[in-house]
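Trainee: Generate coordinates for the entire structure from the input sequences, incorporating the hints supplied.
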Amino acid sequence: MSNQDNQSRWQSTMMNNYGTPQLTLTRGEGAVVTDADGNRYLDLVTGIAVNALGHAHPAIVAAVTEQVATLGHTSNLYINEPALTLAERLLELSGVAGGKVLFCNSGAEAVETAFKLTRRTGRTKVIATDGGFHGRTMGALSLTGQPGKRTPFEPLVPGVRHIRYGDVAALEAEIDDETAAFVVEPVQGENGVVVPPHDYLRAARELTSRHGALLVVDEVQTGIGRLGSWFAFQQAGITPDVFTLAKGLGGGLPLGACVAVGETASLFEPGQHGTTFGGNPVCCAAALAVLDTIETEGLLEQVSTVGKELRDGIERLEHPLVLGVRGRGLLLAVLLREAVSAKVAAAAQRAGFLTNPVQPDVLRLAPPLVFSREQAAEFLAALPGVLDATTEKG
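Number 115 in our numbering belongs to position 115 of the sequence shown; there are no gaps in the numbering.
One or more of the hints may lead you astray.
Computed spacing ranges between beta-carbons, pair by pair [stated by the list, open to error]: (1) G38 <-> V157: 43 to 53 Å; (2) R164 <-> M1: 46 to 56 Å; (3) S209 <-> P155: 23 to 33 Å; (4) G298 <-> L25: 24 to 34 Å.
No wet-lab data here; the hints were simulated from the structure.
Being a predicted model, the structure only gives us computed values, none of them experimental.
For each residue, glycine too, the CB sits at the ideal point set by N, CA and C.
Mentor: See the structure below:
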């Protein structure tokens, strides 16, 4: 069936939570996808930064195939080897001592886990940031600092205070000895790839430690190599008390993780939290393939190199519609002088490139970590025409 046929089927059967998608993607290989009408696209969205190795990477296909043919699901009632090995690898890569992992299914669930963990401190006040996005479940939504997403579902979980992102003085004014935690993204991806000042996470670490509060770093979007390091907090030179992971971790399979450090790792007692599918062996096998491939193919270096070339190339265009570029690694935002990101994304799609109009005047680029220099050059060569087409169509 065509893209148009499937839009009709979607409208008849699916809840209207995101609006009706235009495309039905039918196949993918690396950073290239094909739709139901046979059109080819370079994928600079990757399922919202999820497909870390692109589509149908042989390592993930092999790992998942072998695992599902061996042991597909165990629940939390039994141990499975891929989950154990993955927990050990994550702790090793993070470099934290005495850490422990709780697996779940998504970023929102990882944040929910972290939020519940803060309650075990005996305190209930939690600080989060304006513009932050931590998920759409009720707890994660309570931490999310975007009124448009929160208001229809209020009242939310009480005790959450929002402060300006990147503002150390605002955190210093709000945090006190009753604060359970400060929850923060290293880069606000959903808010338009907003990067805080260089010393922000370091200051947050110092202030939370001074007041006995937990520092919870939401690495759902930035973790697993997207910024050119395994985790964003490593670039800041700090160790949080808790960090959350999802998106790229499973390489396209649903997997999240909440990692706690030191005494925080032992706050949960048996029966206080659970998840039936968390730590599913097939998803964990996929995640191990992701980590192995990032290491063996040198993808952290590739992310930094290609990300810089992509960023520099966009800036060198000096197109009148482009105000600038921000972000790190392969999480970038093209800042536009007008609120036309949806039109730019539509023009890019017509030209064969999938992008994300994450804010009215911001276009988010989150290609897979395997995105090559040649593919970046292909996008850069087409971008002036895409921007011109947007301007012409007014």
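Trainee: Give a verdict on every hint.
Mentor: Okay, the hints, checked on the actual structure:
1. G38 <-> V157: 43 to 53 Å: The hint (43 to 53 Å, Cβ to Cβ) holds, given that G38 and V157 are roughly 47 Å apart.
2. R164 <-> M1: 46 to 56 Å: holds (48 Å)
3. S209 <-> P155: 23 to 33 Å: At roughly 32 Å between Cβ atoms, P155 and S209 fall inside 23 to 33 Å, so the hint holds.
4. G298 <-> L25: 24 to 34 Å: With Cβ atoms ~28 Å apart, the hint holds.
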